[in-house]
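Asks: Protein chains in written order, with numbering that gives the first Met the number 0: chain A, 0 to 218; chain B, 0 to 218.
Any given hint might turn out to be false.
One copy or two, either will do: identical chains are not told apart, so a pair holds if it fits within one copy or between any two.
Here are the simulated DSSO-like pairs of lysine-lysine, each with C-alpha atoms no more than 27 angstroms apart in a straight line [what the hints assert, rightly or not]:
| hint | residue 1 | residue 2 |
| --- | --- | --- |
| 1 | 65 | 210 |
| 2 | 156 | 210 |
| 3 | 125 | 106 |
| 4 | 124 | 210 |
| 5 | 156 | 214 |
| 6 | 214 | 65 |
| 7 | 214 | 106 |
| 8 | 69 | 124 |
| 9 | 214 | 124 |
In case anyone wonders, no lab produced these hints; they're calculated from the structure.
There are 2 protein chains.
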Amino acid sequence: MEEAQCTSLSPPLSLHGQFDGFLWSVAVINPGFCFGVSKLRFGSVLDADPGHGKLPLVSVQDRDHKFLTKAVEEAYRGVECSDGGPFGAVVVRNDEVVVSCHNMVLKHTDPTAHAEVTAIREACKKLGKIELSDCEIYASCEPCPMCFGAVHLSRIKRLVYGAKAEAAIAIGFDDFIADALRGTGYYQKANMEIKKADGNGALLAEQVFEKTKEKFQMY
Amino acid sequence: MEEAQCTSLSPPLSLHGQFDGFLWSVAVINPGFCFGVSKLRFGSVLDADPGHGKLPLVSVQDRDHKFLTKAVEEAYRGVECSDGGPFGAVVVRNDEVVVSCHNMVLKHTDPTAHAEVTAIREACKKLGKIELSDCEIYASCEPCPMCFGAVHLSRIKRLVYGAKAEAAIAIGFDDFIADALRGTGYYQKANMEIKKADGNGALLAEQVFEKTKEKFQMY
Numbered sequence: 000m001e002e003a004q005c006t007s008l009s010p011p012l013s014l015h016g017q018f019d020g021f022l023w024s025v026a027v028i029n030p031g032f033c034f035g036v037s038k039l040r041f042g043s044v045l046d047a048d049p050g051h052g053k054l055p056l057v058s059v060q061d062r063d064h065k066f067l068t069k070a071v072e073e074a075y076r077g078v079e080c081s082d083g084g085p086f087g088a089v090v091v092r093n094d095e096v097v098v099s100c101h102n103m104v105l106k107h108t109d110p111t112a113h114a115e116v117t118a119i120r121e122a123c124k125k126l127g128k129i130e131l132s133d134c135e136i137y138a139s140c141e142p143c144p145m146c147f148g149a150v151h152l153s154r155i156k157r158l159v160y161g162a163k164a165e166a167a168i169a170i171g172f173d174d175f176i177a178d179a180l181r182g183t184g185y186y187q188k189a190n191m192e193i194k195k196a197d198g199n200g201a202l203l204a205e206q207v208f209e210k211t212k213e214k215f216q217m218y
Numbered sequence: 000m001e002e003a004q005c006t007s008l009s010p011p012l013s014l015h016g017q018f019d020g021f022l023w024s025v026a027v028i029n030p031g032f033c034f035g036v037s038k039l040r041f042g043s044v045l046d047a048d049p050g051h052g053k054l055p056l057v058s059v060q061d062r063d064h065k066f067l068t069k070a071v072e073e074a075y076r077g078v079e080c081s082d083g084g085p086f087g088a089v090v091v092r093n094d095e096v097v098v099s100c101h102n103m104v105l106k107h108t109d110p111t112a113h114a115e116v117t118a119i120r121e122a123c124k125k126l127g128k129i130e131l132s133d134c135e136i137y138a139s140c141e142p143c144p145m146c147f148g149a150v151h152l153s154r155i156k157r158l159v160y161g162a163k164a165e166a167a168i169a170i171g172f173d174d175f176i177a178d179a180l181r182g183t184g185y186y187q188k189a190n191m192e193i194k195k196a197d198g199n200g201a202l203l204a205e206q207v208f209e210k211t212k213e214k215f216q217m218y
């Protein structure tokens, strides 16, 4: 059996009283690193119920409050367990928590075991599918490019996050965190040599796709 | 025991004859998505040995040829095993293969199990450390943003890849592959709602870092 990468949901820490007065900013990602506000999902809920405009908004906030609280609790829990950095993530489907995970980098000796990647991996295993288009993810902090890539690849429909990357950067984390959603770090700042094969080498590597395309199902 | 995510090194496929005439392009990533050629590692090897200028270059090409061949073989092998898409990756340290892996997305029901992520995870486990600054990675195809993020986080010192993303895109893979290294796709094209907590919600999530910074080792 593979070692569990998520903690079970334990009693909540004493954080709830501090969550009063939630405010939210919402964006829908558009091509080319532009942010828009033209497709807000809870906006359409309000439109559908004009007589009770305030109630659905409060409901959505309460719901988001609840799941983000779990993600923040996971962040603290991960540090208490010495599993990794202070990051948590929760995958939700139909108002139910599918998995609640935290950073497992140290525990698993795995630099890819960020909270979001771990949560996506565990949610897919639990649900028995590689796409989570009926799920949302709540992250305690803005996802780094690796994690946002994983969110994109899993087809998760909605991302809610708490802290801006700068809060993590302030205590020493890599500022590339900020690149996925806002592009304010330096994603490719690594002084790493990158070499691309050309000529026959590139041709051979490219032929892999043409030669195998009949043998696997696109996903 | 966790299920192995890498294949062992089996006898090479009959690809070697096609690798004659390798040509290479090399870049060193600089901040701000700029590519430069000012810090070529094998360039300095040539400078240090002016009397035998050709030999080190051929050696480097042969060496890269050998390891990229393994990555391409892994790509084919992964499809033959129905483990996932046609992508392979090899991590090398001191001229020795640490792990040779392929895409395991279907096998593990895990959308994050790309070849590069799998190879990094397995190499870290094998070497017992979360940073691979003494390693190189050979990828059969240009890494997607998630994978490049993983390469960056693992501190791998050198990346060599074969096919341009367009070869994969041509048979139906997500064009976000091309965004990490060249920014020619649409990394954030997903029509996904992204919501950031503000006010007390953001404050509480940001406090995680300040409140835990003494309890974990930065990495």
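Asks: Under the constraints set out in the numbered hints, which ones does this structure not fulfil?
Replies: 2, 4, 5
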